[in-house]
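Student: What follows is the residue order along each chain.
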Amino acid sequence: MHSNGFFLKDVAGFLGGYYTFMALMNGVAALLLWRRKGQVGWALTWVAFAAAMMVLASLALSGSAELVPALPQSARTIVNSLSGPVLYTLGTTALLTILFVFRSFFVKPMVAWTILNAMLLLMGLSMADENFAAIVMKPDNVPIVGLVFLLAFFTWVATKQAVVNDDRIARGLPPVEKENDEKVLVWPDLVYTELICMVAVSAFLLLWAICLPAPLEEPASSVKTPNPSKAPWYFLGLQEMLVYFDPWYAGVVLPSLVIFGLMAMPYLDFNKKGNGYYSIAERKFSYLTWQFGFLELWITLIILGTFLRGPNWNFFGPFEFWTPYKVEVLNNVDLPQMFWVGLLDRPLPRAPQGASGLVQAGYVLLREAPGLLVMGVYLLVLPPLLAVTIFRGFFAKMGFIRYMVMANLMLLMLSLPLKMVLRWTLNLKYIVSIPEFSLNF
Amino acid sequence: MAIGETIRNSQIWKSIFRHPMPLDRRNRIVVMLTNFFLHLHPVSIKKQGIALSFTWCMGGVTFFLFLVETVTGVLLMFYYRPTLEWAYNDILALRDVTSLGILRELHRWGAHAMVITTWLHMYRVFLTGSYKPPREFNWVIGVILLLLTLLLSFTGYLLPWDQLAIWAITVGSNMARATPFLGYEGPGQQLLTVGGIDMITDASDARFGLLGARFVGEETLNRFYVLHCIAIPLAVALLLAIHFWRVRKDGGISGPL
Chain Z
17 MHSNGFFLKD
27 VAGFLGGYYT
37 FMALMNGVAA
47 LLLWRRKGQV
57 GWALTWVAFA
67 AAMMVLASLA
77 LSGSAELVPA
87 LPQSARTIVN
97 SLSGPVLYTL
107 GTTALLTILF
117 VFRSFFVKPM
127 VAWTILNAML
137 LLMGLSMADE
147 NFAAIVMKPD
157 NVPIVGLVFL
167 LAFFTWVATK
177 QAVVNDDRIA
187 RGLPPVEKEN
197 DEKVLVWPDL
207 VYTELICMVA
217 VSAFLLLWAI
227 CLPAPLEEPA
237 SSVKTPNPSK
247 APWYFLGLQE
257 MLVYFDPWYA
267 GVVLPSLVIF
277 GLMAMPYLDF
287 NKKGNGYYSI
297 AERKFSYLTW
307 QFGFLELWIT
317 LIILGTFLRG
327 PNWNFFGPFE
337 FWTPYKVEVL
347 NNVDLPQMFW
357 VGLLDRPLPR
367 APQGASGLVQ
377 AGYVLLREAP
387 GLLVMGVYLL
397 VLPPLLAVTI
407 FRGFFAKMGF
417 IRYMVMANLM
427 LLMLSLPLKM
437 VLRWTLNLKY
447 IVSIPEFSLN
457 F
Chain F
1178 MAIGETIRNS
1188 QIWKSIFRHP
1198 MPLDRRNRIV
1208 VMLTNFFLHL
1218 HPVSIKKQGI
1228 ALSFTWCMGG
1238 VTFFLFLVET
1248 VTGVLLMFYY
1258 RPTLEWAYND
1268 ILALRDVTSL
1278 GILRELHRWG
1288 AHAMVITTWL
1298 HMYRVFLTGS
1308 YKPPREFNWV
1318 IGVILLLLTL
1328 LLSFTGYLLP
1338 WDQLAIWAIT
1348 VGSNMARATP
1358 FLGYEGPGQQ
1368 LLTVGGIDMI
1378 TDASDARFGL
1388 LGARFVGEET
1398 LNRFYVLHCI
1408 AIPLAVALLL
1418 AIHFWRVRKD
1428 GGISGPL
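For the record, the sequence lines run as chains Z and F. The working numbering numbers the first residue of the first sequence as 17 and each following residue consecutively. The working numbering numbers the first residue of the second sequence as 1178 and each following residue consecutively.
Hints listed in this document are in silico derivations from the structure and should not be mistaken for laboratory results. None of these values were measured; they are calculated from a predicted model. Cβ coordinates follow ideal geometry from the N, Cα and C atoms, glycine included. Among these hints, one or two may not hold up.
[To be verified] Simulated restraints on C-beta separations:
1) 1213(F) <-> 106(Z): 42 to 48 Å
2) 1266(F) <-> 382(Z): 57 to 63 Å
3) 301(Z) <-> 1414(F): 51 to 57 Å
4) 1426(F) <-> 220(Z): 42 to 48 Å
5) 1421(F) <-> 415(Z): 52 to 58 Å
6) 416(Z) <-> 1324(F): 47 to 53 Å
[As the list claims (entries may be wrong)] With a straight-line cut-off of 30 Å between C-alpha atoms, the simulated DSSO-like cross-links for lysine-lysine are:
7) 124(Z) <-> 1224(F)
8) 288(Z) <-> 1224(F)
9) 1191(F) <-> 288(Z)
10) 1224(F) <-> 176(Z)
11) 300(Z) <-> 288(Z)
12) 342(Z) <-> 240(Z)
13) 413(Z) <-> 124(Z)
14) 194(Z) <-> 1224(F)
15) 289(Z) <-> 1224(F)
16) 53(Z) <-> 1426(F)
17) 1191(F) <-> 413(Z)
18) 1426(F) <-> 289(Z)
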């Protein structure tokens, strides 16, 4: 399905308002830069950009296929053809890594503002695509768009302060928060702030409720399964994990471990620094572990599950029509199959007909021996090995129990990206597959 | 005498507010100590503790959204009936017929916003290292509150009883049938047999416990309604009280030691 005149007329009002909002936003920014900071050059830049947005707004309001600003069809086709779970995951990882490594550059207000405008402009141009708009404007998906922008904003706010603090600490100064040690009365300083926040949130919620009706589909029917069937958006990361793991692990064990790991965190993090102020340099390990778990393994999977997984949980590019007839090759194989059949060129070990339960269990163990060995090395050998090598300092400070809990939680968290890589590179389905006990890993 | 002054000098006003307007330092302190709603706060606070760039105000916004959800939820309960016959029709009427049907929008978008603000609050607490001693236990309570927030949203998701609701809950709850040992499709359930009889079946496993039935039906609607409107909000209210109390007892909002 491609953008057509009817769709563009429907979306014209929204896009007109959207670009006008961008123009106003940049106009206000230019005014503040000029009056408060005296940065005339930047102010003029954003005034020019605001004027360009007004031009886009008037073009968008035309609702004409020739005039509404949109990404070229060729660009959309290229993006669709390149898109896939591998590129998405590697791309987001690379992006987060670049943002982290060059954080001192990206936190500069004008750099961040430029990126924000680029994101908003790309979003606006994409909204002129019918397939993109259909997914993004689905009422329950709107909060996730908001979440992306809010997370980007707050990550910037936090990183900016962390960069400043890290620089101060390196120069032997206390963090900025320490400078604000002076006490003020809660009435009025805090109470008024809270009141303003409450009024602002109420106004925002009312506006949201007026502008966007809550979704209501057909009456429930247990015989009419929608395709795709999706869990509520905050659980879509878990649903995405089902691609790589069975439900017992992706849907039960991993979420339980996430909750347990979060609760255990204060008791595992022995680093006394970085308590009560923004800092990265003083707590790099915990910071990176957290950001990897939260941003990469939780948020990006939700975004993937919401916007890029369509019928039959197939992957669709952002501008691709969600056809239920898309076919994806499923040629995944289990590790025992790879080992016995692929490597040794022998059939999988099977118990003879009529063998006792014990003999059958023995054959299952033999069949799964390669996978069990891999798992054993991963979960039992790696933690002590790490304790005497790269985590030697951690082990000495944490003691046996705390170290083992931390190491196992880390390894179980890493089991997801590792399984992803094994799936993409080796088409590996299960490392251990014991259907006799519904135990596949 | 101005009408405002007359009211403030009346016996009724003075019986409620036992101090003059908080216009000077003394009364600004007294108001914090004597007002029930304000006494959760300390009297004074470090300047950095009220800087929005530090706190993001996300904990407060989350609590405010919980209050919005409670008020709009109670009003919706006057109207909505959790039965197969009426659930969908009541929501339909809220959308098309009922005055102030916008309450449903406020409730739904407020719920989504509450999930997001809870995450952002947790994110801020992590990034400032505020889970570290002496606030470890309050972080644990916060994690439980996070879980309960998700469960509140999850149980509420079913109530409109439309296709979106029933299938989202079906997909979400299907995971429970794979629970190790306790789900009838989970690993190890085969081991739980007594005298050749399976103890874990689709009518006795974790999913059944969650849904009250083998599939998402009227029993589930009733169960989720009670969990959504009574059980989970009560648990959240209790834990919120402890959470706030501990913020004070653990030294107020975090800051460099």
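Student: Now, for every hint given, state plainly whether the structure supports it.
Tutor: A quick look at each hint next to the structure:
1. A hinted range of 42 to 48 Å for the beta carbons of residue 1213(F) and residue 106(Z) is inconsistent with their spacing of about 55 Å.
2. For the hinted restraint 57 to 63 Å between residue 1266(F) and residue 382(Z), the CB-CB distance of approximately 60 Å keeps it satisfied.
3. Under the hint 51 to 57 Å, the C-beta atoms of residue 301(Z) and residue 1414(F), about 37 Å apart, miss the expected range.
4. The supplied range of 42 to 48 Å is broken by residue 1426(F) and residue 220(Z), whose beta-carbon atoms lie about 33 Å from each other.
5. Look at residue 1421(F) against residue 415(Z): about 33 Å separates their beta carbons, and that is not inside 52 to 58 Å.
6. Checking the proposed 47 to 53 Å range against residue 416(Z) and residue 1324(F) shows it is violated: the Cβ atoms sit about 29 Å from each other.
7. The hinted pair formed by residue 124(Z) and residue 1224(F) meets the criterion: a straight-line CA distance of about 25 Å does not exceed 30 Å.
8. Taking the CA atoms of residue 288(Z) and residue 1224(F), the gap is near 23 Å; set against the 30 Å cutoff, the hint holds.
9. Of the supplied pair hints, the one linking residue 1191(F) and residue 288(Z) is violated, its CA atoms being roughly 49 Å apart against a limit of 30 Å.
10. Among the hinted pairs, residue 1224(F) with residue 176(Z) is consistent with the structure: their alpha-carbon atoms are about 19 Å apart, no more than 30 Å.
11. Between the alpha carbons of residue 300(Z) and residue 288(Z) the distance comes to roughly 13 Å, so the proposed pair stays at or under 30 Å and holds.
12. Distance restraint check for residue 342(Z) and residue 240(Z): the Cα-Cα separation of roughly 20 Å lies within the 30 Å cut-off, and the hinted pair is therefore satisfied.
13. Our distance criterion of 30 Å between C-alpha atoms is broken by residue 413(Z) and residue 124(Z), whose separation comes to about 37 Å.
14. With a C-alpha separation of about 10 Å, the suggested pairing of residue 194(Z) with residue 1224(F) holds against the 30 Å cut-off.
15. Proximity of residue 289(Z) to residue 1224(F) is assessed by CA-CA distance (about 21 Å); at most 30 Å being required, the pair is judged to hold.
16. Only pairs whose Cα atoms come within 30 Å are accepted, and residue 53(Z) paired with residue 1426(F) is rejected, the gap being roughly 42 Å.
17. Between residue 1191(F) and residue 413(Z), the direct Cα distance comes to roughly 59 Å. Violation of the 30 Å bound is thereby established for this hinted pair.
18. The hinted pair formed by residue 1426(F) and residue 289(Z) meets the criterion: a straight-line CA distance of about 22 Å does not exceed 30 Å.
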